[in-house]
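Novice: If you want the building blocks of each chain, they are given just below.
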Amino acid sequence: MAATSLTTPRLGSSLASPALQTLRTHRFPIPFLSFPLASRNSPSPSPSPSPINRRFSTAIRSESTNGAELPPKYDFDLFTIGAGSGGVRASRFAANFGASVAICELPFATISSDTTGGFGGTCVLRGCVPKKLLVYASKFSHEFEESGGFGWNYEAEPKHDWSTLIANKNAELLRLTGIYKNILQNAGVKLIEGRGKIVDPHTVDVDGKFYSAKNILVSVGGRPFIPDIPGSEYAIDSDAALDLPSKPTKVAIVGGGYIAVEFAGIFNGLKSDVHVFIRQKKVLRGFDEEIRDFVGEQMSLRGVKFYPEETPQSIVKSSDGSLSLKTNKGTIDGFSHVMFATGRKPNTKNLGLEAVGVKLSKKGAIEVDEYSQTSVPSIWAVGDVTDRINLTPVALMEGGALAKTLFANEPTKPDHREVPSAVFSQPPIAQVGLTEEQATKEYGDVDVYTSNFRPLKATVSGLPDRVFIKLIVCAKTSKILGLHMCGEDSPEIVQGFSVAVKAGLTKADFDATVGIHPTAAEELVTMRTPTRKIRSAPSEETQDSQVKAAAKV
Amino acid sequence: MARKMLIDGELDKTSEEEIHYDFDLFVIGAGSGGVRASRFSAQHGAKVGICELPFHPVSSEVVGGVGGTCVIRGCVPKKILVYGASFGPELEDARNYGWEVNERVDFNWKKLLHKKTEEIVRLNGIYKRLLANAGVKLFEGEGKVVGPNDVEVIQLDSTKIRYSAKHILIATGSRAQRPDIPGQELAITSDEALSLEELPKRAIVLGGGYIAVEFASIWRGMGATVDLCFRKELPLRGFDDEMRAVVARNLEGRGINLHPRTSLTELVKTENGIKVRTDHGEELIADVVLLATGRAPNTKRLNLESVGVELDEKTGAVKVDAYSRTNIPSIWAIGDVTNRMNLTPVALMEGTCFAKTVFDGKPTKPDHNVVPCAVFCIPPLSVVGLSEEQAIEQANGDVLVFTSTFNPMKNTVSGPAGASDLMPRCDRLFTRYAQL
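Those sequence lines, one after another, are chains A and B.
Numbered per my numbering, the first sequence spans residues 1 to 553.
Numbered per my numbering, the second sequence spans residues 1001 to 1436.
Calculated directly from the structure, the hints in this document are not laboratory data.
There could be a bad hint or two in this list.
As the list claims (entries may be wrong) - Straight-line distance between alpha carbons at most 30 Å, and here's what the computed BS3-like set of lysine-lysine pairs gives:
{"hint": "1", "chain 1": "B", "residue 1": "Lys1269", "chain 2": "A", "residue 2": "Lys507"}
{"hint": "2", "chain 1": "B", "residue 1": "Lys1365", "chain 2": "A", "residue 2": "Lys502"}
{"hint": "3", "chain 1": "A", "residue 1": "Lys159", "chain 2": "B", "residue 2": "Lys1410"}
{"hint": "4", "chain 1": "B", "residue 1": "Lys1111", "chain 2": "A", "residue 2": "Lys271"}
Claimed, not checked - A short list of chain A residues far from chain B (calculated; beta carbon distances all over 10 Å):
{"hint": "5", "residue": "Asn96"}
{"hint": "6", "residue": "Ala156"}
{"hint": "7", "residue": "Asp207"}
{"hint": "8", "residue": "Lys282"}
{"hint": "9", "residue": "Pro308"}
{"hint": "10", "residue": "Gly357"}
{"hint": "11", "residue": "Ala408"}
{"hint": "12", "residue": "Gly444"}
{"hint": "13", "residue": "Leu456"}
{"hint": "14", "residue": "Thr513"}
{"hint": "15", "residue": "Ile516"}
Glycine residues also receive a C-beta, built at the ideal position from the N, C-alpha and C atoms.
Throw the hints in and build the complete structure from the sequences for me.
Specialist: Spelled out as structure tokens, the structure:
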């Protein structure tokens, strides 16, 4: 595809936009480099020259707006490194706005590494999608149990064949990665397979081939992090967990975040013996406290064993192949697998970022402003690599906003407020807005409505399943500050209600909404009495009246 | 003690006279609307009496039960059966996800029926407790209106007791209607369908509304052969046309035989089951024939005409104004008997507004706009707001329609080739927004 930069009028108008004003004030000190066609097609230059000294043919451009001068020629308007949720969205939309776009991505593999990845990224290949398929698979055991109360009877207890599931899952991944490639190609984006590395503010090196771009987008995502303890080589991460050759019989999961909790549900549902070791007192730090308690209880009722306030110290492999996990509280033997779900880190190593001057946080995330621009004006970053809110729909939003900012002349800040999210534990959790703790801190006076009930299905199945719903309301304005739910179908339900929360609706709006019967969701519009009213320290007014009352005035 | 009541802002002059009534409010019918209105009125300080027919899963002129249609022979038991029926198709999915499930899976209908009965009896008890806790006096028997401020309750031993009430609330709901087809006595209505002794192997359902479609799905999910006959081109008249088509496709995908533009002309009992003839000359045979062609308000034996309460000529529904008041100032009506929007949450809303209006000094009109609802066919349909047809009709400007039809992720994991006799499922998720 011939490299074309933006047509001149567009460039002119976009240069006028506020976001791109910064391009001018933060102009990179080295004069513009331009790359004639010859160098683009030439074989790779001598290995690893210093990026700052790389020169091809140079042309020093003045800032004159003499009509006879052409803008600098780049191979592409946008070069994206990383074809995951954020990268693909930004690239597609940019191309739809008329930009010439190229995107590079590592070759496909189920397990990610420095040299493997795949079009679609974490979400499609080793995150959201395969996770959800495994959650679906593992939910059936609970459904078999439920169905007994409804009159269904299996002669023998259903058994699960792990390899069928993984084979079907992998078939689905291949299908999806192909779809992502098609989507990009149909949008006119050039696909390049290989490892992209930034050479200078306008140059990307993909396995030795050089491409120039007016803008570079870094959207390489993140990868699982396993702490360096003795025996950590025996541990698996989520990538491996999604592609095991056989199902764990007895698994230790280290971690208390959503990944740990989701896998605990998956393996437990598939009838593995599941033990979860968490550093904190409860799982899901950062979530609403009552939700943390509730989901812990419900998971325990389903057979998951929790070990709170335990830190892993070492893993030992015994002669029979089983693993022992030693923590600060003791040792447990007999694990077929030890899985670490102890966090993910942005994939920023060995990208050339530091050398080109892109600022990184302590965690290794790329620092960006509200428009997703890095400290280098022509380099942008979206998605997990920026460690803002690590969710696919947020990466999509950030990518879409960037495409608008750069190529639709509409500087757009992605809005990270009131982003709903879900944890696909069993039972699942979904939420939008603030936790009770956050709301109390930020707003002072809040009314909390909660409902903890046995859903209709459970009264017939006889299982101890319950549903927990919580609304946090600003006492002063009646605005819904937070909405939390744990129970079957929570993610589907909260997606709907998050529109109301994002729109800033009040408790009165909720109360005026007629319910759908019989559902669990109707509970959200029929909570009449606050469970508790939280009030900050009494106001001066109240104190005065108390004093007056005491003085019998 | 005189109770002051504001009607449209004006003080009711009659309350200035010290008339003694047995009750401030007497409610006939303890279903969703009646119970809600009673409890909330009592909470506002009213002295409330309510009467209801004795409990029985199958309703009649003389049997019903506290909790009403929703709890005893509607929403709740229906949902239990839908849950039960949904497990069947789940098994197919389970196999695709690696589960080895026996070819032979038994479904014990009697066990489910028993559980259902347990649940509705439990809820019936809860509703009685709710009334008692609110201080509402419950009478068992058939209620009639005998004057603008008088009701009569025929107790189980046939003795009649009269009560006077400042206000009377009619909340007697509705009942399934049988169409006038020769042999219709061989068929059942939804009441019986929820309490059948035996699960039919073959079922014919006549009707195109939500009840017909829900029962077709229930029986199909439990393994029966189902024929669904309806008058129009598509089921669910009144819903958005595109959604109706999606539902029809989904029902067919589940193996339900659809017979559009079809009525039944005759039912005949044979050795082999019930034979029905359609108006196309087709003959079908089934163990059970369900007539789900509509429900009518329960106003026949209330004696309303003698008191002068206006009823709708066609349906028999009690006519009410925006505040749920009839043409007789002391007589009100809410819920299915008024045939406005026949949904439990709407009856609850009407009951709440009634209590506010009459006993809390805050005249409140129930708002019937933008009420969401669901049809629990399998897979279910849910809607809120206008259909595309309504939107186009009512719009001042252009209407934008966004649609999305997709294979939900759960169904993308395809099963192994030749996966036996599993019924083909073409479930698609379909959402649409009509934006004015």
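Novice: Look at each hint and say if it fits the structure.
Specialist: Now for the hints, and whether the structure bears them out:
A C-alpha spacing of about 57 Å is found between B:Lys1269 and A:Lys507, which places the hinted pair above 30 Å, so the restraint is violated. Restraint check for B:Lys1365 and A:Lys502: the C-alpha separation of about 29 Å stays at or below 30 Å, so the hint holds. Taking the CA atoms of A:Lys159 and B:Lys1410, the gap is about 20 Å. The hint holds against a cut of 30 Å. Between B:Lys1111 and A:Lys271 the alpha-carbon distance is near 27 Å, which keeps this suggested pair within the 30 Å criterion.
With a cut of 10 Å on Cβ distances, A:Asn96 stays outside the contact zone with chain B, its closest approach being about 18 Å. Chain B draws A:Ala156 into its interface by the beta-carbon criterion, the shortest separation being 6 Å against a cut-off of 10 Å. Listed as outside the interface, A:Asp207 is consistent with that label: its C-beta sits roughly 33 Å from the nearest C-beta of chain B, beyond the 10 Å cut-off. For A:Lys282, the requirement that its beta carbon stay farther than 10 Å from each beta carbon of chain B is met, with the minimum near 30 Å.
The claim that A:Pro308 is not at the interface with chain B holds, since no C-beta of that chain comes within 10 Å of its own (minimum 32 Å). The Cβ of A:Gly357 lies farther than 10 Å from every Cβ of chain B, with a closest approach of about 42 Å, so its non-interface assignment holds. At roughly 21 Å, the least C-beta separation between A:Ala408 and chain B is larger than 10 Å, which holds for a residue marked as non-interface. Chain B leaves A:Gly444 outside its interface by the beta-carbon criterion, the shortest separation being 30 Å against a cut-off of 10 Å.
With a minimum CB-CB distance of about 6 Å to chain B, A:Leu456 fails to clear the 10 Å threshold, and the non-interface call is violated. The non-interface label for A:Thr513 is inconsistent with chain B: the shortest C-beta to C-beta separation is roughly 8 Å, within 10 Å. With a cut of 10 Å on Cβ distances, A:Ile516 falls inside the contact zone with chain B, its closest approach being about 5 Å.
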